[in-house]
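Using the sequences plus the hints, can you model the full thing?
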Amino acid sequence: MSETTNLSCEKNPLSPSDLPTRQLIPSLVSTFCFVGFLAFFLWSLTKAEFSLTELWQGLPNMGVIVSEMVPPATDRIEPMASAILVTLQMAVVGTVIGVILSLFIAILAARNTTPHPLVYQITRGIINFFRTVPDLAWALFFVASVGLGPFAGTLTLIVDTIGFCGRFFAEALEEVDPGPSEALNAMGASSLDRIAVGLIPGATPSLINSSLFSLEKSVRSSVVLGLVGAGGIGAELAVSMEMFRYDQAATIIILIFALVLAVEQLSSRIRNRIINNR
Amino acid sequence: MSETTNLSCEKNPLSPSDLPTRQLIPSLVSTFCFVGFLAFFLWSLTKAEFSLTELWQGLPNMGVIVSEMVPPATDRIEPMASAILVTLQMAVVGTVIGVILSLFIAILAARNTTPHPLVYQITRGIINFFRTVPDLAWALFFVASVGLGPFAGTLTLIVDTIGFCGRFFAEALEEVDPGPSEALNAMGASSLDRIAVGLIPGATPSLINSSLFSLEKSVRSSVVLGLVGAGGIGAELAVSMEMFRYDQAATIIILIFALVLAVEQLSSRIRNRIINNR
Amino acid sequence: ETVKLAVTDLVGLEELQREFGAFVNVLEEKSGYDIEFLPVTNRTAAVEALRFKKVDFVLTGPAEYVVIKKRTDADIVVGFSRPDYFAVIITMADQGYQTPRDLAGHSVAFGSVGSTSKHLGPMQALADYGVAPTTEIKAIHTKMPVAWEALKRGDVAAVGMNHLKFLSFRDKEQQNKGMEPGAFRVIARGPDLPNDILMAGKHVDQKIVAKMKSVFTDHSQALVQAILTGEDNQKYSGMKFITAVKDTDYNYVRAMYATVGYPEYAEFIGD
Amino acid sequence: MPALSVKGLTKIISTTPAARALRSRSGRVDLNQPDFIFKELDFNIQTGESVAIIGPNGAGKSTLLRCCLSLIQPDLGTVHLHGKQISQLSGSALRKARQPAALIFQKHQLVTRLPVLSNVIHGALGGAWGPRYWLHSLASSETRLQAYQCLEQVGLADLAMRRCDQLSGGQSQRIAIARALMQKPKLLFADEPTASLDPHSGREIMELFRALQRSLGLTIVFVSHDLQHALNYSDRIIALKDSRLALDTRTQNETHNSLARLFSDNYHE
Amino acid sequence: MPALSVKGLTKIISTTPAARALRSRSGRVDLNQPDFIFKELDFNIQTGESVAIIGPNGAGKSTLLRCCLSLIQPDLGTVHLHGKQISQLSGSALRKARQPAALIFQKHQLVTRLPVLSNVIHGALGGAWGPRYWLHSLASSETRLQAYQCLEQVGLADLAMRRCDQLSGGQSQRIAIARALMQKPKLLFADEPTASLDPHSGREIMELFRALQRSLGLTIVFVSHDLQHALNYSDRIIALKDSRLALDTRTQNETHNSLARLFSDNYHE
Ligand SMILES: Nc1ncnc2c1ncn2[C@@H]1O[C@H](COP(=O)(O)OP(=O)(O)OP(=O)(O)O)[C@@H](O)[C@H]1O
Ligand SMILES: Nc1ncnc2c1ncn2[C@@H]1O[C@H](COP(=O)(O)OP(=O)(O)OP(=O)(O)O)[C@@H](O)[C@H]1O
Ligand SMILES: [Mg+2]
Ligand SMILES: [Mg+2]
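Residue numbers (this note's numbering), protein chains in the order written: chain P, 1 to 278; chain L, 1 to 278; chain H, 1 to 271; chain X, 1 to 269; chain W, 1 to 269.
The reader is advised that the hints may include incorrect statements.
[Claimed, not checked] SDA-like mimics (lysine to any residue), calculated; alpha carbons at most 25 Å apart, straight line:
hint : chain 1 : residue 1 : chain 2 : residue 2
1    : W       : K184      : P       : E182
2    : P       : K47       : L       : A258
3    : W       : K107      : P       : E182
4    : X       : K107      : P       : P201
5    : X       : K107      : L       : N276
6    : H       : K207      : H       : V24
7    : H       : K152      : P       : N61
8    : P       : K47       : L       : E182
9    : H       : K177      : P       : F32
10   : H       : K202      : H       : V245
11   : H       : K69       : L       : M69
12   : H       : K152      : H       : H203
13   : W       : K107      : P       : P201
14   : W       : K186      : W       : S243
15   : X       : K241      : W       : R162
16   : H       : K202      : L       : E242
17   : W       : K84       : P       : P115
18   : W       : K107      : P       : N112
19   : X       : K84       : L       : E182
20   : W       : K241      : X       : E207
21   : X       : K107      : P       : N61
22   : H       : K69       : L       : M62
23   : H       : K70       : L       : R111
24   : H       : K69       : L       : V64
25   : X       : K96       : L       : A258
26   : P       : K47       : L       : D177
27   : W       : K107      : L       : N276
28   : H       : K53       : L       : S67
29   : W       : K241      : X       : R162
30   : W       : K84       : P       : E182
31   : H       : K177      : P       : L55
32   : W       : K107      : L       : D177
33   : X       : K96       : L       : P117
34   : H       : K213      : H       : H203
35   : W       : K241      : X       : D158
36   : H       : K211      : H       : G261
37   : H       : K70       : H       : G261
38   : H       : K69       : L       : S67
39   : H       : K211      : H       : G96
I should point out that these hints are in silico values taken from the structure, not numbers from a laboratory.
In structure tokens, the structure reads:
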């Protein structure tokens, strides 16, 4: 920066050739990957027999099924309400325990908090494994060891929660602004303190979001609980669908929807307070 | 701050009574909520028949099932590999389209980008609705309108993806540091520019994480694709489990696990480059 | 004393999955035991629970019986006889599929894998008519409501299901001012399927087994009434618990397993 | 028509519970309450003027600049920017009113994950729009060249391709200045633009501003804690203190000492 | 034993592709390459000294401070902190070596979502640990009192309960200083501690440092762009320029002008 030449754009004309080359095409490798992916996508698209006209023309048929859902049936509202309570109870236990375990696992599975790269690899592997093994298999394991019933269902929910929250918590920790955490490092704070004070406050909105999503997911998870005979609203819904009582199904969907909205309202409020201090 | 009194801690002794009261118990309302929740949790815990000793004693039984999984069966490796390809194709189409739609919906459904609070409420409602309506109902809708097969499966995957990504994208946008976005506001940039340039770069790691998780979820989603007769690896897995061929199931789990690991490696690399510029 | 009773995959008795209060009350009253009743949506889970002694009794279908018998030794307590319990293959009347042979090369929808009356039964029926279900047709496994919609649209040429289920579908169509019963055609049906069954795990005390057996046979009518409390279930009346059930009655089911490509469950065990 | 006209501008510290109650009560504001950031500010700034705003930490200088661009809403009073009452505007009218005014933030507010050149190009988004201004690799050569020239003006052309989270404090401050220059403003608000610059660069930047003011008729409003800069590079000095306008004079009437006195007995009251 | 001893310290700009290649090639560093932040720095700082580090933007002052606490690894050379080679340490030994040294960051690095008082209490985490130091509402009265006194020292005791994202630039800078005081350091690194402070507060803070140095024997290393501060409040001045140690003298040998000359012909080369 010299005092004489830079006061106005006109005085020191640059020519376009002085500019560094623009890197629109970042590298051969990434171009190759991108083109490969695009080709795969298009190929898949043809395989999926994608056709918007067909979807459009079929919409009236969809209407027929919807019309069978209204008016929602109210004849079983009482057992449904009690089923939803049972489900909520199992979901709360499974999610709370799962979230607590996930937090510990996530600390081991985030690049910026893991004590050792090997621990990182192993815990990531475990979290992925929890997700990959299907619910039915988990249900079998737990049925074999603790029998049919709510306990096996809760254990499966815990595993589900860890598979989901473990990953999203770890990612949330990795995304936190490293500044405050560096400051704590500089003063010689221990890792635990650094995580508790430098990272968790930054990740809190994400943690809350994932946790409450997980709770909601547990409430919705008919499959898991039905597998082990734990009942709940999912079983009600499955039976209603199976018996073509779409009007009953509609009632259950509305009940679950109300619950989902409530959970999301809660999430949104807490998050808003933390993010915007409002 | 005066020049004479503040040079050392000793000179201007404060007594503990000068301190503002500590707000350990934030307010009556939150205390009440917390106690209520705790009570509900403990009540649920008893309902869930939680018992660690039972779990511990049952572990050997789990081992029996695991032992039936090894050695993984290799007799159907070829149809399995082709099933995984088919699944991947449907998953890619469903997820890519779903992610693109989700991004638009999320922009309408994030507090800091929505054009109007009403739009916010409506889009949030739609996203929640997509999640609440069970897969079987979506399958019915789509089968009624476009028929059995991969297209219906893809549509169901799209709905699933929007239900998940729509929410997580919106939350990610809300969590971005508002600074750069405020700077763009100050210069009179349009909302679109502000979102593209001020918010998306901040949210990218989260967006990538949710998107790739969603892809992985689609690959794993046996239920959705199986329901509409679209087959794929999930259906294979379900059949193996239903037919007690745990050795075949193990093979499929290993195949899916490899895929999940690959997707996560990809995610981790891209994210790391974006977060740490490495 | 507490007795754990699981029930799984009883087609037509879905209501029992959620409304079992009356049934359990009758059972407790008549037997004097505390009954822990567990409706399980998945047969695999029920079977494994019995194998690992986590449940004492399982009320289930013939296909599950064969598997349980193969994987773990279990006793038959009582059979559960139902009228009109057989598999049918349904087509649309105007589509021109007249015989099972006409289905060759087309898609046919079935229920979940391993279900007696929605998968094994219909496939065996096809095989009985000389159509190899694993090679000559394209089998699609899905939920019955989805299969029904697919049949109406013509995505599948036929659906294999339980006869009673078919009747209820037809009734619903009529109620909703949809298709008339004449729009559907049954082109194959199997023989009446072996009975659903109540089994006891080997670990269960013989005294309890005997007690349960007597309760089921002596109070068959009361129990059936309790099952049928829901208004949707009335059409299944006429069921009965019976004691004279032999293992060999299930050899037809074993043959089904061979037909659908799982010969490991097809070995006939001694009679 | 003054470039900027502030009348009766009042802002409460929005988070104190007292303040919230105060405001919610029938929407009227009680001026006798404490907890004001500033209260009833009045001043006009003419086109082409260079005005320095000084005042102790927390006096509300940054808040004032934010109010001037309607980034936050004042609780009372009005701001007219080039004759338009900015808090009344919304949508594209607001955007249009903001476009000719650039604001250099105290905390720079760069998009840290994008390269320097892209950040500078974003300055053009006030006047133009669309993907061609989102990333430098999508921009036209013309735009890139302009951005480059703005970078030259702050002396950092060789950092054009560096990601913004790898800059030193002073470098990132200068990128923020380049971005503001890219906007081709008629009115420049600068919040402590030289706070983390070394003495030489700081002087350069102030001289650049002065030169732009003289050659292009730019109106400049800058906040500074460097009294020497305030004295050397402004036509007029405004001081905020104790939530009031403590001073509003021509620069030539003031000396370093007279200004310093403003700060000296500021605390403990 | 000097409080801080730096020998042959070299740091490459880690992100240029050239630099990456340079380092990966058998782990040796070629000193003739460009792209150094700084190269072969050597100096010792005695206990109780107050040292000012000056230099143009991007000269590597902040990077140097980070290297001194082993927050980033230098590419060559060693740093001894109170006699211990800090880059050789890890785990609890590293923590113990860092504890007596406090660093005030240029960008403050407060935990913005927590209140001021909690942030100040975090300063105690170097010496202690556990949940009682995480939030002010969990802390003992004693700790709270200490934190409060540190806040008093920077004049912001009345903001104790404010959330840190609602502070002005200068306020947040002073909270960072209070946090460093809470650490009760023997060695204080301060990266432009007065950059966004008003003239009066800036002087107060520097005088506070000076007083602590004199009364408690604190060693102080501060970076400043305010040459007057460097001259008034240091015993010794070190200047970084063109990736070298350009100057290392006793303060009394220098004048404002002699220092200013350092910066003047710095650019365009
Ligand atoms: N987001 C906020 N919410 C509530 N109060 C705030 C917020 N930001 C700033 N304040 C308060 O408003 C007052 C004015 O802040 P402002 O940032 O305008 O000060 P300033 O004059 O720019 O100070 P500095 O010289 O330190 O930058 C301060 O007391 C500050 O604590
Ligand atoms: N994270 C980083 N990665 C790569 N280079 C960096 C990084 N941070 C800073 N640099 C570069 O290293 C050099 C020294 O930066 P540093 O922050 O130490 O400068 P400084 O002397 O503190 O400058 P200032 O006075 O502006 O604060 C600069 O050229 C800067 O661009
Ligand atoms: Mg400010
Ligand atoms: Mg610096």
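Status of each hint after checking the structure:
{"no.": "1", "hint": "W/K184 - P/E182", "in the structure": "19 Å, holds"}
{"no.": "2", "hint": "P/K47 - L/A258", "in the structure": "23 Å, holds"}
{"no.": "3", "hint": "W/K107 - P/E182", "in the structure": "11 Å, holds"}
{"no.": "4", "hint": "X/K107 - P/P201", "in the structure": "21 Å, holds"}
{"no.": "5", "hint": "X/K107 - L/N276", "in the structure": "21 Å, holds"}
{"no.": "6", "hint": "H/K207 - H/V24", "in the structure": "20 Å, holds"}
{"no.": "7", "hint": "H/K152 - P/N61", "in the structure": "11 Å, holds"}
{"no.": "8", "hint": "P/K47 - L/E182", "in the structure": "45 Å, violated"}
{"no.": "9", "hint": "H/K177 - P/F32", "in the structure": "57 Å, violated"}
{"no.": "10", "hint": "H/K202 - H/V245", "in the structure": "17 Å, holds"}
{"no.": "11", "hint": "H/K69 - L/M69", "in the structure": "20 Å, holds"}
{"no.": "12", "hint": "H/K152 - H/H203", "in the structure": "48 Å, violated"}
{"no.": "13", "hint": "W/K107 - P/P201", "in the structure": "18 Å, holds"}
{"no.": "14", "hint": "W/K186 - W/S243", "in the structure": "28 Å, violated"}
{"no.": "15", "hint": "X/K241 - W/R162", "in the structure": "21 Å, holds"}
{"no.": "16", "hint": "H/K202 - L/E242", "in the structure": "23 Å, holds"}
{"no.": "17", "hint": "W/K84 - P/P115", "in the structure": "24 Å, holds"}
{"no.": "18", "hint": "W/K107 - P/N112", "in the structure": "20 Å, holds"}
{"no.": "19", "hint": "X/K84 - L/E182", "in the structure": "21 Å, holds"}
{"no.": "20", "hint": "W/K241 - X/E207", "in the structure": "23 Å, holds"}
{"no.": "21", "hint": "X/K107 - P/N61", "in the structure": "57 Å, violated"}
{"no.": "22", "hint": "H/K69 - L/M62", "in the structure": "21 Å, holds"}
{"no.": "23", "hint": "H/K70 - L/R111", "in the structure": "59 Å, violated"}
{"no.": "24", "hint": "H/K69 - L/V64", "in the structure": "18 Å, holds"}
{"no.": "25", "hint": "X/K96 - L/A258", "in the structure": "54 Å, violated"}
{"no.": "26", "hint": "P/K47 - L/D177", "in the structure": "41 Å, violated"}
{"no.": "27", "hint": "W/K107 - L/N276", "in the structure": "18 Å, holds"}
{"no.": "28", "hint": "H/K53 - L/S67", "in the structure": "18 Å, holds"}
{"no.": "29", "hint": "W/K241 - X/R162", "in the structure": "21 Å, holds"}
{"no.": "30", "hint": "W/K84 - P/E182", "in the structure": "21 Å, holds"}
{"no.": "31", "hint": "H/K177 - P/L55", "in the structure": "24 Å, holds"}
{"no.": "32", "hint": "W/K107 - L/D177", "in the structure": "15 Å, holds"}
{"no.": "33", "hint": "X/K96 - L/P117", "in the structure": "24 Å, holds"}
{"no.": "34", "hint": "H/K213 - H/H203", "in the structure": "16 Å, holds"}
{"no.": "35", "hint": "W/K241 - X/D158", "in the structure": "17 Å, holds"}
{"no.": "36", "hint": "H/K211 - H/G261", "in the structure": "39 Å, violated"}
{"no.": "37", "hint": "H/K70 - H/G261", "in the structure": "16 Å, holds"}
{"no.": "38", "hint": "H/K69 - L/S67", "in the structure": "20 Å, holds"}
{"no.": "39", "hint": "H/K211 - H/G96", "in the structure": "54 Å, violated"}
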